[in-house]
Each structure stands twice: as structure tokens, then as C-alpha cells.
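Asks: Chains as they are written, first to last, in the working numbering: chain S, 249 to 501; chain G, 2 to 266.
One or more hints might be untrue.
[Claimed, not checked] Example chain G residues on the side facing chain S (calculated, C-beta under 7 Å, incomplete):
| # | residue |
| --- | --- |
| 1 | Ala51 |
| 2 | Asn161 |
| 3 | Leu169 |
| 4 | Gln175 |
| 5 | Trp261 |
| 6 | Leu264 |
Quick caveat, the hints were computed from the structure, so don't treat them as lab data.
Here a beta-carbon is modelled for each residue, glycine too, at the ideal position from N, C-alpha and C.
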Amino acid sequence: MTLTLEHLSKQFVKNGDEPVEALVDITMEVRDGEFICILGPSGCGKTTLLRIIAGLDHPTSGSVRIDGSVIDRPNRKLGMIFQDYSLYPWRTVNENIAFGLELQGIVEEERDAIVRKYLALTGLSEFGTSYPFELSGGMRQRIAVVRALAVDPKVLLMDEPFGALDAQTRNKLQYDLLDIWGKTKKTILFVTHSVDEAVFLADRIMVLTPRPGHICDVIPVDHPHPRDRTGVKFAQIRRHVLDLISQPKCSLS
Amino acid sequence: MNRGGRNEGMFHPRMLLKVILPLGLIAGWEIIAILLNNEFILPRLESVFAVLLSPTADILGYGNLITNAFTSLERVILGFLIAAGLAIPLGISMARSGSVHDLFDSTMQLLRPIPPLAWVPLALAWFKIGLASMVFIIALGAFFPILLNTLDGVKSVKRNWIESAEILGANQRQVMLKVVLPGAAPTIWTGLRVGFGIAWMCVVAAEMMPGTNSGLGYLIMSSYNWGQVQVIIAGMIVIGLIGIGFDYLFKVIDRRSFSWRELER
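Model the full structure from these sequences, guided by the hints.
Replies: What follows is the structure, given as C-alpha cells:
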């Protein structure tokens, strides 16, 4: 799998007004199996970038390619997890996970087997027949991840998926995500505004400037998982990232 | 499930509050009926019950309560289904497409405040006396609540839900059938419930149009001509009971199928 972002720019035109630049010249090559965090302040266009990669929005110029072909609409090779809960409240956990398989016309027996396999991955097997409203926020997001995984995408796009959770749950889900990443070997692009989260998760951190967002730095995090948040090495990397993002070229547009 | 926390089966002061007024009204009615002693103004309870308790007995050659009730129901269901068949697709199209919305919205806003009964003369002019006129009035009454609720329901479908489906590979048809319709279903159902209630009110009025010869509305209007006030009241009670019954049915299905709407935060 190769995912390339080539000179992506995005302008929003609101009726009659001057066009507003959201993203400027984003270029990056994502390696297979890599965990990339996209780090930037609120309103820097992180979500827009992710939506363009997902094929939900179109860039004003530039292109996204996966395995050579241009993404201009949602593609099953790319799964996405939203910040807000996007599970279908009228479907049980099992039915939610099976949704993507159902769309492909996969028969029920096969669907059930896949659902069981992925549900076991998160340790939520006993909640298969529950409805989303019976689950906590953290459990719902884990199910959302499983639903995206069930159709076996190459890349997972995650838009601040743990942003609405409390700190404890958030930590737990970060561990779980790394665990799933290790088991499934997916490529992950993960949007966050938390330096801590990015340093904990990423192989490389793409740092975006405030609006209009462009890449001011790509910081490799060369430190094996599991990373100890309280360790000296973690603190050093965190310091390094904080120093880099407070450079004038990253804090000013 | 007993989430309300009420101790059902036990005596509760609120139960008393609920029945005290109806019981008082009935008692007051009986007292006034005895004092007036004029069955052409207010008949005694027993004569109304006599009509209600023999629902298969022919009334003044106009048929019995049950067959007339079924006639009214057939008409209301026909008009209701036509209204739902038009309002649901139109509501979905208006909610999903800006141009369809702009095309229909002003016309709908103009027509909506006109009470269905104001259409009676036109209905008679266009469709003459008979089923078509009645169904037209009923369908008009049911149409707008169904349309407005369908619009609301489809608009309340979260963008996340639709985009998640697209990312998982759904085509437009699948988005419609598997996301938009189930997501909007509880609100559409509310529209159907309100629409059915209005349709039921309209059928009785429609059956009072000249030239009708069956139905509960016709029965109570004819009974008036013969001074049969006990039949009028019995007919009104049947109309009320059928209305309550259907409303209850709609609510039961709502609770069973669409409880996620209340529980989802």
C-alpha cells in the first residue's frame, strides 16, 4: 500500500466573499503500516485534510493517491472514524459492525464470523447484542473502530476519535489502538491537537500551522512501543516536539 | 421495563385525579338529564348505553354502529394511505434536495393553513358526491403533518451517519434505505400518528357532506334529523374510542420500534 498526498490545497468560497484558504500545498508520502499523527491547533484544517484523504471533500488543487489511483470519492481501502459517535442507534453492536459487510452483500454466516473475530479483538464480545445507547462513550468509539476494520481497509483515518473522552478512558483507548494496530498492520492517520497523544502514538508527527494549514515540520518519533509517558525519553521527545511547534514558522501562518 | 418508577398495581393518588373529572361529568350529565327530562336535548345514560351495547342493531334504517364504523375506517385508511404515499416521498426529496425544496416549499406553505373542511365545496365541485370527495378531504388533512414530520426526520439524520455509510461503500440507494429511512423513521412515524388523527377527524366531517349515505358521520347527522340524540352521543363515543385506539396502537409501535430516539443522547 502506498498513500501519497501531492500538493493538496483547499480553498473555501462562501457566497461572494473572498475565498478562504484552509490548506496550502500538503505533500507527504505515507509508508505502509505507518502511524502518522496530524497535529495542529483548532481550525488549522486537520479535519478538512482528513476528509479530503477520505474522499468526502475535494481539494482545490493537488491529489490524493492510494496505490497509484486518485481518490475523488470514498473508497473502501480507506476507513474513517469520526470524533462524534457515528454508530447507528437503531442497530445493535453486531449489526453496526456488520453494516459495511452487509453493503457488500456478504452472506449472514460469513458476516457473523467476521463480526465475532473483530469484536473479540476489542474484548467487547459480550456486548454484541447491546445497542449503542447502552454503552459508554469509550466503548462506542471502540465499536466504531471495529466497524471500520470489519471491511478490511488498508488505511484508518481517525478524526480526533478520543477527543470527547475523559483522560482515563482516552489512555486506555490509546493502548487498545496500538494493540489493534500491531495485530492488523493497518496504516493509520490520526488527527489530534494533543502533543502528548501524538508523541504516545505516532511513528511520525505531521505538524500543521494555524489556518491556512501547511506542513511546517514532520517529526519522526523513534522510540519503541509501549512508550512510558512518565519516562525520561518520552519527556525528551515531548519537549523536542513542543520546541519545534513553537518555532515562528509553525506558530505563525 | 419500568423506568418511570411508578408502583404499578398499587393504589396511587394520581389515578384518582385522572378518573375524578370523567366520573363527575358522567354523574352531572345524568343529573341534568333527569332534571331536564327531555331526551331530544340530553338523553339519559341508559339510552346511550343501550345503543352502544347493541352495536349490530340497525338504527333507523341507516345500518348499525359496526358497519358504519368500518365504512368510515375504510375511507380514512384509503385517504391516509394516499396522503402517506405522497407526503413521505415528497418530504424525503425536499429534505435531500435544495431545488426540490425550493420548488415545493412556497406552495406547501400557502396550502397548509387552509383547513381541510374549507375544501369541501371545491371537492364537491371537482369530484361530485361520493368516495372520491371524501378521500380527497381526508388525504388533505393527513398530508401536511406527514410531510412536515418527514422533512424534520430526514433533516435530523446526522451527516456522520451518511458519511460513515459512504465510506463503508454504500451507494445512494443503500444510503437511503439503510441510513436515511431508518434514521428518520421515528419522526416520520410521529407524522403518521398525527396525520391519522386528523384524517379520522376529517372523515366524520366529510361524511356530513350532502349526498353521503353511510359512515359514522352520516349516522350521527341523520340521527339529528330524527331527534335521536342518544344515537348522536353513542356515535360520538364510538368515534372517540376508535381515535384513542389507533393513537394507542401508533404509540405502542413507536415504543417498541423507535425507543432508540429517546435513549440516544
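Asks: Now tell me, hint by hint, if it's right for this structure.
Replies: Taking the hints in turn, this is what the structure says about them:
no., hint, result
1, Ala51, "violated (49 Å)"
2, Asn161, "holds (4 Å)"
3, Leu169, "holds (4 Å)"
4, Gln175, "holds (6 Å)"
5, Trp261, "holds (4 Å)"
6, Leu264, "holds (4 Å)"
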